[in-house]
Amino acid sequence: MKRKVRILIGVDSICAGRVLPAGDWCERRVLLDRLKIYENFDALDKARAEHNVTLGLIKPARVTALRIQKSASKAWTSEEIDKLQSTSG
Numbered sequence: 109m110k111r112k113v114r115i116l117i118g119v120d121s122i123c124a125g126r127v128l129p130a131g132d133w134c135e136r137r138v139l140l141d142r143l144k145i146y147e148n149f150d151a152l153d154k155a156r157a158e159h160n161v162t163l164g165l166i167k168p169a170r171v172t173a174l175r176i177q178k179s180a181s182k183a184w185t186s187e188e189i190d191k192l193q194s195t196s197g
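Add 108 to a position in the sequence shown, counting from 1, and you land on the number used in the working numbering.
Just so you know, these hints were derived from the structure itself, not from any lab. A portion of the hints provided could be inaccurate.
Okay, derived cross-link-like pairs now, DSBU-like style, lysine-lysine, Cα gap no bigger than 35 Å in a straight line [to be verified]: (1) LYS191 / LYS167; (2) LYS191 / LYS144; (3) LYS178 / LYS167; (4) LYS178 / LYS154; (5) LYS178 / LYS191.
Ranges between beta-carbon positions, derived for each pair [what the hints assert, rightly or not]: (6) HIS159 / ARG137: 18 to 28 Å; (7) ALA180 / ILE117: 12 to 22 Å; (8) ALA183 / ASP120: 27 to 37 Å; (9) ALA157 / GLN193: 24 to 34 Å; (10) GLU187 / LYS154: 40 to 50 Å; (11) ARG126 / GLN193: 37 to 47 Å; (12) ALA173 / VAL119: 15 to 25 Å.
Note that the structure is predicted; figures quoted are calculated from it, not measured. Note that CB positions come from ideal geometry on N, CA and C, so glycine has one too.
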């Protein structure tokens, strides 16, 4: 069953928090770990209605596909290496 979802966000209800620096994935993981993982959309929607939850993670019932493709090149370019090193914290 597909469900159409329409969400209206009041602009005046949004406030900026602390900005996380680029590449700080450890700190992001700590913040994400605080979120409850819901089994389905209905459970998240119920939490929204009952407890004003506005952000949550939904665990998929199953993963239907995972596609891994061979890279065009076996070697990393210096540009790719620089990019990875600059964002890895």
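Hints violated by the structure (numbers, ascending): 4, 7, 8, 9, 11 and 12
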